[in-house]
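Read off the chains here:
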Amino acid sequence: MKNHVWRPLFVVIVIVIGILVFRAFYVPSDFGVQERGYTFGYHRLSNEQEWKDYPAKHKGNDYCNECHDDKIEELESAQHGIIPCENCHGAAFDHPNDPEKLTIDRSRGLCLRCHAELIMPSSGRNDIPGIDPVEHNKGEECSECHNPHNPSLEDM
Amino acid sequence: MVEQVAQMVVHGEAWTIKDLFVLPNEYVYWSIQIVLYPYMTGLVAGAFVLSSLYHVFNVEKLKEIARYALVFSFALLPVAMMPLMLHLMQPFRGINVLMTPHFTSAISAFGIVFMTYAFIVAAEIWFVYRKFIVESIYRLTEKQDCTRLERLLLPIYKVISLGAMDISDKALNSDHKAIKFLAALGIPVACFLHGYAGFIFGSVKANALWMTPLMPVIFICSAVVSGIALCIVSYYLFMEIRKWAAKRGKNWLLPDALAQGGTAIPVEQLRSIQEHEVKITSKYLLIFMTAALTLEILDMIFRGYTAVKSWDALRMVIYEHDFMKIFVYQYGIGNFLPFLMLLLPGLTTRRAVIASSLVLFGVFMMRWNVVIGGQAFSLTFAGFMEYSMPIIPHDIETFKEGLGGMLSVIVTPFIIFYFLNMIFPAFMTDNESH
Amino acid sequence: MPQSAQSQPGGYVIMKRRDFLKNTAVFVAGASVSVAALDFIDPKELLAANPELKWGFLVDTYKCVGCGFCVKACKTESDIPFEANVTRTWVERYVIKRDGDVVMDCPKGARDGYTTKLLDENRSGMVEVPDEEIAQAFFVPKLCNHCTTPACVQVCPVGATYQTADGVVLVDWTWCIGCGYCIMGCPYGVRFFHPVERVADKCTFCYHRISKGGNTACAQACPFGARQIGNLKDPNDPVAQAIMTQRVGILRDEYGTKPNVYYIGLNKEVR
Numbered sequence: 001m002k003n004h005v006w007r008p009l010f011v012v013i014v015i016v017i018g019i020l021v022f023r024a025f026y027v028p029s030d031f032g033v034q035e036r037g038y039t040f041g042y043h044r045l046s047n048e049q050e051w052k053d054y055p056a057k058h059k060g061n062d063y064c065n066e067c068h069d070d071k072i073e074e075l076e077s078a079q080h081g082i083i084p085c086e087n088c089h090g091a092a093f094d095h096p097n098d099p100e101k102l103t104i105d106r107s108r109g110l111c112l113r114c115h116a117e118l119i120m121p122s123s124g125r126n127d128i129p130g131i132d133p134v135e136h137n138k139g140e141e142c143s144e145c146h147n148p149h150n151p152s153l154e155d156m
Numbered sequence: 001m002v003e004q005v006a007q008m009v010v011h012g013e014a015w016t017i018k019d020l021f022v023l024p025n026e027y028v029y030w031s032i033q034i035v036l037y038p039y040m041t042g043l044v045a046g047a048f049v050l051s052s053l054y055h056v057f058n059v060e061k062l063k064e065i066a067r068y069a070l071v072f073s074f075a076l077l078p079v080a081m082m083p084l085m086l087h088l089m090q091p092f093r094g095i096n097v098l099m100t101p102h103f104t105s106a107i108s109a110f111g112i113v114f115m116t117y118a119f120i121v122a123a124e125i126w127f128v129y130r131k132f133i134v135e136s137i138y139r140l141t142e143k144q145d146c147t148r149l150e151r152l153l154l155p156i157y158k159v160i161s162l163g164a165m166d167i168s169d170k171a172l173n174s175d176h177k178a179i180k181f182l183a184a185l186g187i188p189v190a191c192f193l194h195g196y197a198g199f200i201f202g203s204v205k206a207n208a209l210w211m212t213p214l215m216p217v218i219f220i221c222s223a224v225v226s227g228i229a230l231c232i233v234s235y236y237l238f239m240e241i242r243k244w245a246a247k248r249g250k251n252w253l254l255p256d257a258l259a260q261g262g263t264a265i266p267v268e269q270l271r272s273i274q275e276h277e278v279k280i281t282s283k284y285l286l287i288f289m290t291a292a293l294t295l296e297i298l299d300m301i302f303r304g305y306t307a308v309k310s311w312d313a314l315r316m317v318i319y320e321h322d323f324m325k326i327f328v329y330q331y332g333i334g335n336f337l338p339f340l341m342l343l344l345p346g347l348t349t350r351r352a353v354i355a356s357s358l359v360l361f362g363v364f365m366m367r368w369n370v371v372i373g374g375q376a377f378s379l380t381f382a383g384f385m386e387y388s389m390p391i392i393p394h395d396i397e398t399f400k401e402g403l404g405g406m407l408s409v410i411v412t413p414f415i416i417f418y419f420l421n422m423i424f425p426a427f428m429t430d431n432e433s434h
Numbered sequence: 001m002p003q004s005a006q007s008q009p010g011g012y013v014i015m016k017r018r019d020f021l022k023n024t025a026v027f028v029a030g031a032s033v034s035v036a037a038l039d040f041i042d043p044k045e046l047l048a049a050n051p052e053l054k055w056g057f058l059v060d061t062y063k064c065v066g067c068g069f070c071v072k073a074c075k076t077e078s079d080i081p082f083e084a085n086v087t088r089t090w091v092e093r094y095v096i097k098r099d100g101d102v103v104m105d106c107p108k109g110a111r112d113g114y115t116t117k118l119l120d121e122n123r124s125g126m127v128e129v130p131d132e133e134i135a136q137a138f139f140v141p142k143l144c145n146h147c148t149t150p151a152c153v154q155v156c157p158v159g160a161t162y163q164t165a166d167g168v169v170l171v172d173w174t175w176c177i178g179c180g181y182c183i184m185g186c187p188y189g190v191r192f193f194h195p196v197e198r199v200a201d202k203c204t205f206c207y208h209r210i211s212k213g214g215n216t217a218c219a220q221a222c223p224f225g226a227r228q229i230g231n232l233k234d235p236n237d238p239v240a241q242a243i244m245t246q247r248v249g250i251l252r253d254e255y256g257t258k259p260n261v262y263y264i265g266l267n268k269e270v271r
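So the sequence lines, in the order shown, correspond to chains D, B and A. Each step along the first sequence adds one to the number in this note's numbering, with nothing skipped, and position 153 is 153. Each step along the second sequence adds one to the number in this note's numbering, with nothing skipped, and position 269 is 269. Each step along the third sequence adds one to the number in this note's numbering, with nothing skipped, and position 267 is 267.
Errors might be hidden in some of the hints.
[Said to hold, decoys possible] Below, simulated EDC-like cross-link-like pairs (lysine to aspartate or glutamate); rule was C-alpha separation at most 16 Å, straight line:
| hint | chain 1 | residue 1 | chain 2 | residue 2 |
| --- | --- | --- | --- | --- |
| 1 | D | K138 | D | E117 |
| 2 | A | K54 | D | E35 |
| 3 | A | K108 | B | D19 |
| 4 | B | K309 | A | D253 |
| 5 | D | K59 | D | D69 |
| 6 | D | K57 | A | D253 |
No lab work stands behind these hints, which were simulated from the structure alone. The model shown is predicted, which means the values in this text are computed figures rather than measured ones.
Next comes chain D alone, as it looks inside the complex (with noise of 0.2 Å):
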């Protein structure tokens, strides 16, 4: 009598059976090889739909042109018309209706992230106006001074 040799075999075959028949309620109908083939494209398809439901934040100049009309004519031409409205008055989200209120950023540190004079040739930066952070007007918010949206003091 030879066949108990082959129990053990059983065992697994049966484990393995177990694990298959897991698997197949476990793994999501959708997942499996798309368009990028195997080596790239092996993933969970709805997944896709998922992150292009994400939602966004920042909803661009268009979208306080909506109802900020007369204030976006007016800042387009002026220095910092450049610069998106959402950098210092913070991401939209829901606006008006959550938050009701943004939070203008109106720090020095705001202001510093281009005009903090550094030595970059071949860069962009050296074409900016720039100021010695520690020297100049220490401690003071340049808002005091400067109107943010047309920062130059002639123009005042």
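Assemble the complex: chain D is given as a structure, and chains B and A must be docked to it using the hints.
Showing chains B and A alone in chain D's frame:
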């Protein structure tokens, strides 16, 4: 906006020290657990290869340690998986590796190879111990005054026997054939299990230190070395404990004796077995060590000679930042010193055990230098990172990726072995030859 | 349905058979998932049928002033906590001295911009390069390259990261096991563990915005037009035209990942 600062943890920030120009997202993401992972799989593979030396190649001298190595290898098996589970950010999703394996990834094979290997080792143990199991069932059924442990063991044996109660000479003969087949099949699978752990690192093209086709081979050789060394050290230690316990009749330290309801282990016999096995095994250790060392040094020379773009950063790591860890701890204390100790004439058991302990340390340092050393330089080649292992944990993360996690992984196989030894007495001697 | 079946004599038998068929169908469907996983679809065939869209990105390093508004916008847009020291995009500063030495830094991914002449060298402290020693200095914005053959996707063991048909590399947050292999596999260091979700995370090219015809948050926030996203397959697209007609470079092409983020004004010092 959601304020989640309280539960926010940047993985890696707690133990990474950056120097010079390092990219913002770069941290030592693979820390102590990934050092232990190849170390533990290496021990599993090495222990199994040692036991196969007896079963396949009929190296009679290794008979006693072979049985022990097999059971110990089985006790190490679940622990090879433990570092991975401790390392995963989503441990409960670990099953995904089996559910949707993406075979272009080296890690994806883990589930399947690991299970195949576990099946082979389990089946081999079943065949080796079948006669013992059947005999135990008869013995325990007949016995009148069973201890509580024996009452627990009987149903376990009945389940494990899978109903195969035939222990005629013919049946045992086919058992021996099956053992030989499984042991032979197990060697390539064990090598694959560990070789592919090397492949996990060797195939990362983004990492200049890891990317070499030699990596799997180096890993296999050092795996066999560490596995054999661990068998020598632990065999010696267990024998010492057993001698001590046998003298004083402390049966709870002899779980197999406990299971069989009596000591019946003569101290003198234990001593002679211990000396004989340890010395013979260390000869094999020496052979595999030579192979491992040759490959590692070849790899190092080749990198220095070809000196491609990454060499400047690698040289900084190898010769400056990690000099102590590589040349003193790994090669000096962990390789050359035990090499000399094993080669010098008049080898005693104690010297072999000390040498083996140093080898274990050396292989651990090798894993450390590969895994942590591979992350010691930035992708920019212009900055460096250092892993400072968290000693005192302040959250679950620093426990898992620190000293606490390391000790739990190292201690677990011995706990498993203690209980496994009750069911399958690893130090059992029988007069039959396989 | 089951009720009406039971109310009729003999209906019970019919229902049982129906149930049986239904169960069989579930099992067969389930089993076919595992078979389908092994089916190999030829990607070329499908790309040929759908050739009109492939996302690419253009960075003009001359225009970048290192203000870091892109990093700030990205962190808000993608819910990466501002205080967490990981980021989907960042800006590096390169200062090349007259003697050829290069000093680089990237404090906190430049989320606050560059507001000081001191360079942050981590453990080595703050380093100052005297103005007169500076030969050239510039900023290099970095983000995921959405490579044509992404190394990070190849090494994912569970199929939790993938590339869409239009070339964007994404991570399935519900399937990622958090092994970190993709982080190791990426030659550009763009991946990290999300500090809240605790899975691998990376730049998505703002897939939620571009697939609705919008701009990426970083490109929209850049006042100087240093960042642009476009369709590489459309010959009239400004990005595609710039790549076609100007001298542009890519990062670390030696890894063979074929990046889709192109740079104007790249030089050999850029890592």
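Cross-check of the supplied hints:
no.: 1; hint: D:K138 / D:E117; in the structure: holds (14 Å)
no.: 2; hint: A:K54 / D:E35; in the structure: holds (13 Å)
no.: 3; hint: A:K108 / B:D19; in the structure: holds (14 Å)
no.: 4; hint: B:K309 / A:D253; in the structure: holds (13 Å)
no.: 5; hint: D:K59 / D:D69; in the structure: holds (15 Å)
no.: 6; hint: D:K57 / A:D253; in the structure: violated (34 Å)
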